[in-house]
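Student: Assemble the whole structure, with the sequences as input and the hints as a guide.
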Amino acid sequence: MLSKTYHLKFPSLDAAQIAAPFVIEALGNAIPSCNLTGLNVLISKEGDVSINVFFPSVAELKNFEKNHGGFLDTMKKTFLFKSTGFDGVCIFNFDRSDEAA
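Using my numbering, the first residue of the sequence shown is number 648, and each one after it goes up by one.
One or more hints might be untrue.
Okay, derived cross-link-like pairs now, DSSO-like style, lysine-lysine, Cα gap no bigger than 27 Å in a straight line [claimed, not checked]:
hint	residue 1	residue 2
1	Lys713	Lys692
2	Lys723	Lys713
3	Lys651	Lys692
4	Lys729	Lys656
5	Lys651	Lys713
6	Lys692	Lys723
7	Lys729	Lys651
8	Lys656	Lys724
9	Lys692	Lys729
The set of hints was computed from the structure by calculation and includes no laboratory data.
Since the model is a prediction, treat every value here as computed from it, not as a measurement.
Tutor: Next comes the structure, spelled out in structure tokens:
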């Protein structure tokens with residue numbers, strides 16, 4: 648499983664909370680069109696937003712980058728934040744769903 652990770656650092660928790668719905672909407676729209684296998688968005692009390700997007704193959708990752716990869720540039724027109732990120736391969740992932748419990 649392939650992954651794309653973004654770390655967004657906002658000046659405050661309030662700023663991160665205001666921006667988070669935009670992140671969720673922008674990336675949520677990519678779920679069906681890019682065949683995402685997972686999407687996690689986390690927010691910290693310090694104003695950090697961490698985003699993990701999971702893909703079944705390189706083709707879906709490239710499709711995502713082509714069609715939705717500019718969401719950070721769009722956000723930078725409205726919100727003040729610093730961003731870092733990387734592409735990676737998931738080497739371990741555990742998720743106990745309610746069905747398995």
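Student: With reference to the structure, classify each hint as holding or not holding.
Tutor: Verification of the supplied hints:
1. Lys713 to Lys692: Roughly 32 Å between the alpha carbons, so the hint for Lys713 and Lys692 is violated.
2. Lys723 to Lys713: Answer holds: Lys723 to Lys713 is near 18 Å, not above 27 Å.
3. Lys651 to Lys692: holds, 23 Å
4. Lys729 to Lys656: holds, 5 Å
5. Lys651 to Lys713: Answer holds: Lys651 to Lys713 is near 13 Å, not above 27 Å.
6. Lys692 to Lys723: Status holds; Cα separation ~21 Å.
7. Lys729 to Lys651: holds, 17 Å
8. Lys656 to Lys724: At roughly 15 Å apart (the allowed maximum being 27 Å), Lys724 and Lys656 satisfy the hint.
9. Lys692 to Lys729: holds, 16 Å
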